[in-house]
Amino acid sequence: MEYMDFKEGKPMKYGLICGMEVHAELKTASKMFCGCKNDPFHAEKPNIYTCPVCLGMPGALPVPNKKAIEWAIKLGLALGCEINLFSKFDRKHYFYPDLPKGYQISQADLPFCINGKVETTFGPVRIRRIHLEEDTGKLLHQTIAGEKVTLVDFNRSSVPLIEIVSEADIRSPEQAMEYAQKLRQIIRYLDIGDCDMEKGGMRVEANLSLLLLEKFPEGIPVPIDESNFLPYKVELKNINSFKFMAAAVNYEMNRQAEILDSGETPAQETRGWNTAKQESFPQRSKENAEDYRYFPDPDIPPFRFTQAQIEELRNELPEMPEIVAQRWADEYGIEAKYIEPALESQNLVQWGEEIVTAAKASQQQPNKVFSALFNKKIPAKIGDPAQSLVDQYIALTSHEQLGDNELRTAVEEVMAQNEDAVTRYKAGQVQLLGFFMGQVMKSLGKKVDPQQIKATIETVLGS
Amino acid sequence: MSLNTKTLTEQKSLLEEKEVTLSEIYSDTLAEIKAKNEQLNIYLTLNNLAEAQAAERTNKALAGLPMSVKDNFCTQGLRTTASSTLLDTFIPQYESTVTKNLQNNGGVIIGKTNLDAWAHGSSTESSQYGTTLNPRNPEHLPGGSSGGAAASVAADMCSAGIGSETAGSIRQPAAWCGVVGLKPSYGRCSRYGAIAMASSTDSPGPLAKTVKDAALVFNAIAGHDPLDATSSPQVFTDFSRDIDKPITGVKIGYVYHGLEGISNDVYTAFEIQLEVFKSLGASVEFADAMNPQLAVGVYTIVQRGEVSSNLARFTGVRYGYDRTYFGAEAKRRIMLGTHTLSKGYADKYYDTAQKVRTLFREDYTQLFAQYDILISLTSPGYAKKIGASEGSAMFGELEDMLLEPSSITGLPGISVPCYRDEKTNLFLGMNIVAPMWQEEKMIQVAHAYEQATQWNTWTSKKGSL
Amino acid sequence: MSQQITPQLVAHIAQLANIPITQEEQQQFARAFTATLETIQSLQSIDVTGVEPTHQVTGLENVVRDDKVQPEYTFTQQQALANASKQIDGFFVVPQILNKNK
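Protein chains in written order, with our numbering: chain A, 214 to 676; chain B, 518 to 982; chain C, 531 to 632.
So that you can see chain A by itself, here it is in the shape it has in the complex (with noise of 0.2 Å):
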């Protein structure tokens, strides 16, 4: 395998060790652990969706929500995860003016999900656990009358958060690129969450450090044991996209790879993304300590499932993408780039559903009805209906029973009523072209493919 350098274009000797952290808010209609509303990104003013408890009021008390948690556990369930029949939330101990409590509720020891899998044109990358925890407020950095200050607005804090943690199964920019394009895909897809990166919706991070590929002539394998790992790790946050994740992950191999050519290691950091630059910095990290103190949430009782319970949830999972785009090329013969774009929701995907069963009933092939659909060919709209789809396009088609012949009979017909016309036509009144048409139409008496007829007057008119 090769990696290439990011500036020279130079085959490396290093490959990648990677693996990511991703938050994701979940569009939940309420808090994580109150009823304020969960609606951070469009409150008009600061501090207005917060009560007592996502404010770390002297005496409140955290409640669970129970659609996340059924939602955590759905996002298991889609990606291949065994979950925990007992699990629970954990207090996560660190001071920050954005977390009133002075601890987040997470979970710890016990999450909701455990040994997972994504698929990636690349390879699989295993994931490792998917937990639930409540987000921070937000911090605003500004000067006010020449002086410094930091401002903070609790209207996200105590939203519910989804984090899944992958193992380092990541070999190289482009498949941890397409992991997290994965993900988002399947958190939208599910409709538990919008993923709108630049709001903040979703976060990603990356942990790396390099190998030398010579001790793996097929290339690092996955999984790899941990005794193998360099004594370094180096944290990419605060990046908010993919392709800059990426980027930055593309960059770090070439810097790691140099420092570790001129025999040094790379310090155990946390790097940020500087765009403008093209670079990665050091950042510092918020919880150098690492002592989170963990220990389970006395205000919050535990939570014990059924096996009954789960695959409950499990049979309300909506097929997953890949299922769909399997089935649809298999069974219906829908070529890939008319199903792709119908995975982005559930909804597509039935109305795709339906187009297909309209399609047969009227003996129509779907792959067409969708051709004419992607290629504007009729004039439909998404979320019409199924039926009026269909309708079009048989209409469209079965113009093509008129013979080129008799189509060429009645055109040059027309123009022979009409020489004026003709001449004018040629002289530049292009607009007549709408006129001649209407023309052979009632000649023939019938509908005609608009496309056809155009085509055969301007193959007649020689223009």
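Treat each hint with caution, since some may be false.
Said to hold, decoys possible - The calculated lysine-lysine pairs, modelled on DSSO-like cross-linking and capped at a C-alpha distance of 27 Å, are:
no., chain 1, residue 1, chain 2, residue 2
1, B, Lys902, B, Lys553
2, A, Lys305, B, Lys865
3, C, Lys598, A, Lys287
4, A, Lys490, A, Lys450
5, C, Lys616, A, Lys250
Keep in mind the hints are simulated off the structure, nothing from the lab.
Knowing the structure of chain A, use the given hints to seat chains B and C on it.
Only chains B and C this time, still in chain A's reference frame:
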């Protein structure tokens, strides 16, 4: 008229029979507060709207009568300090569920009572607003942390009070002040809005002049709360349902007898009381329970860990002042708790403590297989003198040792006065513990004992301050 | 065997706990902690093999709430800020001290 010296039940009755007016009761109560509060330092804040509120609540169970509330319950619009200057100007914009229930059932908050700051203690001496004096003998402490609450009842400055217990904080001051203190089963009363100390044991509960009064207030504040995930869905109708039933045949186990460090005089005075139960037809046996000393260790670790976590939110940004305002005791507990939860130590301390807690639960299960009720001294001795708690880092935990086993396991217990020393006018308390969710039973036994003895200064003909 | 609580360890704990303490307090707390930890040494002698920890005495499990917005519990902006030491335009203000540490 001294209507404030009547019990809540008597006041209710007098009101119902229109022999007195609510106004008169308030007049007498407020006069008492005016006369003695400065000296005894019981109330930190008074509610100016009390009488106006009372007028609207006369037709409810608590008849608009004046209640004291420990100042660690968030009361909307009424200053709440937890007896710490860190919260000196804190005015909650929300109501705790217990005080909401209290008021919905006709109670009126007449004022907020003093406590050990943040409820850290068993003397009220660590209050940053000065200690409260024991109304029975002002050279002595009222106990804690609900010292102000217990004193407010003993001093007839309210019809009843609300306190909270993490490990002894209702029952011990009740014993030291010679009043009744009821700690419910954990989860029976909502913790929402009660400033958290140790989340896994905190229990709001009433302090009152008699067992009947305590049951009345308990009825008013208990119940499931959707805002508290640890709040029990257990249903109840009336905790005084069995209060007048005779206790013949009840099997009582007497625990924590013969412990070192408790004087013979105290044991003698207490053990005479066992005869009372026998005369009422109950049986009493000396029983052996797991060493309560071990509960001290469990409680200390679990409590301090949870305290360090629960006080992490006080940074002075959203409310209150910054963390330099914590008193020495609070700082000690936060730091020790942080230590016992930290990497490398959590296994040794916190995890072990939670396991020993299980052993205590199993011990109680075994005891309640043989007995219906367990009794013991509430406190190892009488109320200590002012100044006794200073310099002693473990003062609280040792004073509460006899109560900690039931606290850490969540069992309900009620303390009633069971002896009065004529020379000092100080009291001993009897702790009566029932199995989880069986408060009716302990109330029944406590009431029977109270009625059959002279130690209650309101029901006894001879009793006097 | 009791643990050595040195003033240095106390300083570290104080930092972790975000509690400002003086040098003198460091010494005092070191002594107080040692006393407290000695008291709880007795726990170490108990055999807890095979014993499950008790985190919840209620025995409750699976306590959740429906995903509904509850405006009756939501603060107005004014209520949220009512007890703030400092506010600007509806935001809480973090003291300068913290800024220095970032």
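Going through the hints against the structure:
With a C-alpha separation of about 19 Å, the suggested pairing of Lys902 (chain B) with Lys553 (chain B) holds against the 27 Å cut-off. A distance of roughly 19 Å separates the Cα atoms of Lys305 (chain A) and Lys865 (chain B); the hinted pair therefore holds under the 27 Å criterion. In summary, the hint linking Lys598 (chain C) to Lys287 (chain A) is supported, as the alpha carbons are separated by about 20 Å, within the 27 Å threshold. At roughly 16 Å between alpha-carbon atoms, Lys490 (chain A) and Lys450 (chain A) fall within 27 Å of each other, so this suggested pair holds.
The suggested pairing of Lys616 (chain C) with Lys250 (chain A) holds, with an alpha-carbon distance near 25 Å, which does not exceed 27 Å.
Of the numbered hints stated above, none is contradicted by the structure.
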